[in-house]
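J.: Here is how the chains run, residue by residue.
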Amino acid sequence: MSAGAKKRIMREYGECINDTPPGMKINFDEQNMTEWEILLDGPEQSVYSGGHFKLKISFPTEYPFKPPVVSFKTKIYHPNVSNDDKGSMCLGMLRPEEWKPPNKVVSVLRLVHSLLIEPNPDDAIEPSIANEFKENRKEFDKTAKDWVKRYAK
Amino acid sequence: MASPSPIPYDRRSSRASSTAGQPASDLLVVGGPPNSPSPLELFLRASNLPSSKTRISKIPPDLHMLEYVSSCDTNLICLICHSPFDKPVKLACDHYFCRDCLDHAFEVQPDGHKTCPTCRGRVDTDTGVLPVPKILEKMLDELVVKCPNTKSGCTWVDSRVNVNDHVMLYCEYTLVECPSHECRLPIFQKEFHKGCLHYTLSCEHCHTSLMKKDLEVGYITQRHQKTHCSNRFTACPHCDAEVLRLDLKVHVNDSCPKMVIPCPGTILGCHFTAERTEVIKHENACPMATMAPHFRDQQARIERNEARFEPLARKVGILEDGLSNITNMLYPANPNDSSFPVTNPLDPNHSDAFPPAPLIPTPDFRLPPASFPPVPPTNDQSQTPFNNPSQPPFDSQVHHLLTLHDSLRDEVSRIANALTDLEGRTNMMIINENQRVKDEMLHTNAAINSMRMQLHWLMSATLHQRTSNSTGTSTARAGGSTSSNSNGNGRAQGASGASTSLGARAEASGTLHAPMRRLSDSTRQDTKL
Numbered sequence: 002m003s004a005g006a007k008k009r010i011m012r013e014y015g016e017c018i019n020d021t022p023p024g025m026k027i028n029f030d031e032q033n034m035t036e037w038e039i040l041l042d043g044p045e046q047s048v049y050s051g052g053h054f055k056l057k058i059s060f061p062t063e064y065p066f067k068p069p070v071v072s073f074k075t076k077i078y079h080p081n082v083s084n085d086d087k088g089s090m091c092l093g094m095l096r097p098e099e100w101k102p103p104n105k106v107v108s109v110l111r112l113v114h115s116l117l118i119e120p121n122p123d124d125a126i127e128p129s130i131a132n133e134f135k136e137n138r139k140e141f142d143k144t145a146k147d148w149v150k151r152y153a154k
Numbered sequence: 106m107a108s109p110s111p112i113p114y115d116r117r118s119s120r121a122s123s124t125a126g127q128p129a130s131d132l133l134v135v136g137g138p139p140n141s142p143s144p145l146e147l148f149l150r151a152s153n154l155p156s157s158k159t160r161i162s163k164i165p166p167d168l169h170m171l172e173y174v175s176s177c178d179t180n181l182i183c184l185i186c187h188s189p190f191d192k193p194v195k196l197a198c199d200h201y202f203c204r205d206c207l208d209h210a211f212e213v214q215p216d217g218h219k220t221c222p223t224c225r226g227r228v229d230t231d232t233g234v235l236p237v238p239k240i241l242e243k244m245l246d247e248l249v250v251k252c253p254n255t256k257s258g259c260t261w262v263d264s265r266v267n268v269n270d271h272v273m274l275y276c277e278y279t280l281v282e283c284p285s286h287e288c289r290l291p292i293f294q295k296e297f298h299k300g301c302l303h304y305t306l307s308c309e310h311c312h313t314s315l316m317k318k319d320l321e322v323g324y325i326t327q328r329h330q331k332t333h334c335s336n337r338f339t340a341c342p343h344c345d346a347e348v349l350r351l352d353l354k355v356h357v358n359d360s361c362p363k364m365v366i367p368c369p370g371t372i373l374g375c376h377f378t379a380e381r382t383e384v385i386k387h388e389n390a391c392p393m394a395t396m397a398p399h400f401r402d403q404q405a406r407i408e409r410n411e412a413r414f415e416p417l418a419r420k421v422g423i424l425e426d427g428l429s430n431i432t433n434m435l436y437p438a439n440p441n442d443s444s445f446p447v448t449n450p451l452d453p454n455h456s457d458a459f460p461p462a463p464l465i466p467t468p469d470f471r472l473p474p475a476s477f478p479p480v481p482p483t484n485d486q487s488q489t490p491f492n493n494p495s496q497p498p499f500d501s502q503v504h505h506l507l508t509l510h511d512s513l514r515d516e517v518s519r520i521a522n523a524l525t526d527l528e529g530r531t532n533m534m535i536i537n538e539n540q541r542v543k544d545e546m547l548h549t550n551a552a553i554n555s556m557r558m559q560l561h562w563l564m565s566a567t568l569h570q571r572t573s574n575s576t577g578t579s580t581a582r583a584g585g586s587t588s589s590n591s592n593g594n595g596r597a598q599g600a601s602g603a604s605t606s607l608g609a610r611a612e613a614s615g616t617l618h619a620p621m622r623r624l625s626d627s628t629r630q631d632t633k634l
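Going line by line, the protein sequences match chains A and B.
Going by the numbering used here, the residue at position 42 of the first sequence is 43; the numbering climbs one at a time, nothing skipped.
Going by the numbering used here, the residue at position 150 of the second sequence is 255; the numbering climbs one at a time, nothing skipped.
Just so you know, the hints here were simulated from the structure itself, not pulled from any lab data.
Take these hints with a grain of salt, some might be off.
Footprint (simulated), chain B over chain A, 3 or more residues, beta carbon under 8 Å [claimed, not checked]: (1) 7-15; (2) 60-74; (3) 99-108.
Every value quoted in this text rests on a predicted model; they were computed, and no experiment measured them.
Positions of the beta carbon are idealized from the N, C-alpha and C atoms, including for glycine.
Using the sequences plus the hints, can you model the full thing?
T.: See the structure below:
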């Protein structure tokens, strides 16, 4: 990773500190600045309220020309988060073909935050969960809350 | 930006090269050092030594890495590197980037399909990258930056346009290669003329092995003798006393008379804070300072006791749990029945539930908790009739447990006996039943045999009749008709009827089949028996 990219990550960290979306805390390790750990409280108005989620953002060596990789370390029942041990999230601006170098990590964090409040079933990574979200919202809410209790306490 | 050219001043302004380049060539004529290396080497050394400013290995500053004194207008910031533009360029779509950032962005895109990182508009790399307006360059040049060697001790701060000249020419803290031929380690430009300083020495005060450059020169923060050597005297920052650096901390904490400390009575609420000498005077008068040590002792003792109390509390909890378990086991059905002193005698609530003079008009004969464990016999006898008559009075819970245990054991053995009884009876029943079934089977077998024989007879009779019908119709018509008659209703008739008709038919048809039939019949009988 070039010095310029590192500098940019440092700057973005400074920006995130000043302008973190609500309920987020960033653990930043200067030794390994390409991996950010983010502690996220489920937004109050969502089914994930009360849960504490751990996210990882890793920056590829080609950053900012390639998008950062966002993954949930805590299991979450969400149509846009893959239901495996990776917990990866890939939509919108995080897609490689959609990513633009001027995009900022702050906007990535905001995207995550807004997706927790309102999942996007039309761009889902887990079709079964998306179906349930669209057709049986009650059941979805119940399972999501159940998972929060089970994994995100 | 770095140039491989051996000429050191290629990146500098013409003014700089004209002033510094001239003396270098003069010295080349004068002659090199005694161990005369190659001519190129000579030229370089000569050019460096007298001016003592630069050497080819200097790295020009990277504008992306600079530290800006004040935050910069966001419009001057490159969206890719998030720093103020460095050599900005403009794309046809009016988006601005640093030249290097744009090159990096194009690197990862496929050839012939370069797009603007912001709007993804197509960019022609030959004609689409345009120069930026002069005013933008001016604004960028005027940004105030710190010298990149600030960490090494340089205090230079100026506009960005000058930073290259400063680092390449004037900054004393720019790292250059050591003047020695063998040594490739870097050294500050200002130490360059001292020759190679990269050899180890031991500090005369603390005998630590150090490099010469660190002993005397080095980074400001690393200067050993001035700031690190623990065996050198240094001035206390508070009282001007000379103390060894080793002892400085102890001095400041414990004895420095000028150190500002609070009164020792702080824990009792004294707010007096002053230099140590003042505090000592104050201490004699301050009652709180006098009390402080005792108070501290007490506090420590309380803490110790609290620490000890915790495991005890836990133990009591465990014991209480165990006791309630036992109680529940003994009296699972009527937990509220306190006729027997099974409840926790230590439970203060419970003992309060037995006032000495109960308000209820009827006499309360429940045992007072004090009578536990041994129940006085007088009380016992007077109370048992009124109490639960089904519950015999026990001396103690242990006694009760034992009797309970005995009765349970009796019960178990009774049940075991009953079980063996039942088993024997069932066995007998099964055997009897079996016998009966076997007999029945025998009967059925015999019946089946007789029926089979009968069937065979009938079958052979029919066969005979058919053959006799076909062979000798004319000879034995009367016999045939009778046999067919008998055959028509032969199934309804008994075996005797069949045999008679067969006998008649055998006489009529001839003797050909008779022995055969008998033979087969006899063999079958043999096999059956």
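J.: Of the numbered hints stated previously, which ones are contradicted by the structure, given in increasing order?
T.: none
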